[in-house]
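Construct the entire structure; sequences and hints are all you get.
Top to bottom, those sequences are chains A and B. Taken in order, the first sequence gives residues 1 to 414; the numbers are from my numbering. Taken in order, the second sequence gives residues 1 to 290; the numbers are from my numbering.
What the hints contain is simulated information worked out from the structure, not anything from laboratory work. Note that the coordinates shown come from a computational prediction; the quantities given were computed from them, not determined experimentally. Note that the Cβ used here is the ideal one computed from N, Cα and C, for glycine as well. Keep in mind that a hint or two might mislead.
Computed, partial: chain B to chain A, Cβ under 10 Å [what the hints assert, rightly or not]:
#, residue
1, Thr-38
2, Arg-41
3, Pro-44
4, Leu-129
5, Val-149
6, Ala-188
7, Ala-189
8, Tyr-240
9, Ala-241
10, Gln-261
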Amino acid sequence: MKSYLMGAVSSVAILVSGAAVAGPEAEVLHWWTSGGEAKSVAVLQEEFAARGGTWTDMPVAGGGGDAAMTALRARVLSGNAPTAVQLKGPAIQEWYEEGVLADISDVAEAQGWADVLPASIAGHMKCEGTWCAAPVNVHRVDWIWANAEVLKANGIEMPTTWDEFNAAAEKLQAAGIIPLAHGGQAWQDATVFEAVALGILGPDGFRKAFVDLDKATLTSDKMVAVFDQMRTMRGFVDSNFSGRDWNLATAMVMNGEAAFQIMGDWAKGEFLAAGKVPGEDFLCLSVPGDGFLYNVDSFAMFDVDGADKIAGQELLAELIVGQNFQKVFNLNKGSIPARTDVSLDDFDSCANLSADDMAASSANGSLLPSYAHGMALRGAQSGAITDVVTAHFNSDMSSADAVKMLADAVANSM
Amino acid sequence: MTKWLEENTPKLVLAPSFLAVLVFVYGFIAWTAWVSLTRSRLLPKYEIEGFIQYERLFASPRWDTAINNLFVFGILFIVIAMVLGLVLAILLDQNIRTEGALRTIYLYPMALSMIVTGTAWKWILNPGLGLEAMVRRWGFEEFTFDWLVNPDMAIYTVVLAAIWQSSGFVMALFLAGLRSVDGEIIKAAQVDGIPTWRVYTAIIIPSMAPIFLSAFIVLAHLAIKSFDLVIALTGGGPGYATDLPATYMYAMAFSRGDIGQAASSAMIMMMVVFTIVVPYLYSELRSKDD
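See below:
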């Protein structure tokens, strides 16, 4: 009797422990550890738990994702990849070529992702025709932010051509205001550069230069003009810009010390956090020229073993692209949802403008990946271009020399 | 058994550390050399492709800047830190009353991490916050000291901060050397009426040659592996004007997913170290044979 009881107890125990490990499981590697971002990830965690999943958080902060990538390399080399990893752009395909990504086409097709995602963004989420990643948001990179009061006091409208921008900047400079708030870090130089390049080269030229790395476009006269405009812009920043963080540059626009900043829409988060109202205290407009440069965060799904982990992966993918998460996350982060069927009533005017422009650009083929934020090219190539851009911006190099250096650097990075 | 143990205990005790050094130092040097001959990008690959990574490295203007900076930084840093350290040591050696306190003050920067030194100097040298702003507020409106944001001068701010950090340590080395010179010889020289400066140049400094060598080796390896100071002080900027080989290697390996390129730059750095260390080892070993 006693042994029978013991047997019953232990079989119950086995059943219970069996129930505890079953159900979807996911280990998620990301570097969203600061304020708004951490809050946004918590939303995803709650949804995942509500559907019976077990979430193992693996946040690795530092170096803008460099530290997380190092952790990922170690995990993959040891044959124990996380379920999902925050990855973006061509890095997804680069990892796919190492043969470590999973196929989540079943979820993508069941949820109809192809119908709700803009085609060029969906392209980043596919690896040789199968879906391998889930998009989270769309940051627009080619924004000009401005202090509304400063512009009004100096009788300046938001510029719609680079000549207008230059004229406005000279007027502001004469009035003793720093025209362009900028931080001299390589990626910020690259952000301004690609905004200028989009305006001067146009969407087709931009695609040829920074997606296809077409040599003729990289060495064209228009590219010389892009560097000329960069040299002009160098005259519009203050002498103390070296090494300044982007949010300090945003603060300069906020307190009226500077008039404009060219930066992605994460700058909006800084304005909103300081209680500024879009359209009243600060203005947002896309940089002169057509097109839309996007920076899309996404989660790539890695090959994992075990039914519970695969179930977790599929559930995670479904939730990430789900309407609720896309809305809540992007309200927190300042970006817009990647899927186009989310109601934007709760979003501010800049986000609505961004969404309208995204739809329009997607229709006419000018929805383009940002090179400065690792969406258009692999690390070695985009890094080589950024080296030239920042070397030119921070020295007295001529535009012709810069163009020659650009072609050489791109060839050398292959 | 005991006899065997007696004979082999030293070998047994040394074996684990010997093995660890063999694998983790020489093994990984060999691994890096191998990877530097491949086309590795995101993850290491092992098919040898020849010297392609070295060709890319030497064609890269950024690497040129990094190597030039290493020579400018290394030479200035080593020479100035040694001269300054020697002068400070000689001045402290004059039997002054507060020697203990002064020695501590000069040695203290060495207790700071390079990150702290770099951050402090970044603020001091920032034209909008530090020295330049302060002097301008005193009424000298035309005063400029913008080395930190001037691409041609920024590398000298790294030299400045590194010297501030290390010259106290060099001073302590030299002070120990000065104290170890035989007092009898100095007294004999003084009896002969030889002026103090001649005592230093003709007797004391030549007898400190081994100390110079140690100081040189310590400073040279600090210079070549410098990384944290540049990251904290300038972040490699403006542009990449203050890049050093170590920061170049980091960027390639960890930011750009270009492991082959990082490995080849690491090999070149190692060769630079070898050109300094091998003659030293050679002279050390030879002097033991004598």
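Hint by hint, here is what the structure shows:
no.	hint	result
1	Thr-38	violated (14 Å)
2	Arg-41	holds (7 Å)
3	Pro-44	holds (8 Å)
4	Leu-129	holds (8 Å)
5	Val-149	holds (4 Å)
6	Ala-188	violated (57 Å)
7	Ala-189	violated (53 Å)
8	Tyr-240	holds (6 Å)
9	Ala-241	holds (7 Å)
10	Gln-261	holds (7 Å)
In terms of the numbered hints stated before, the structure departs from hints 1, 6 and 7, listed from lowest to highest.
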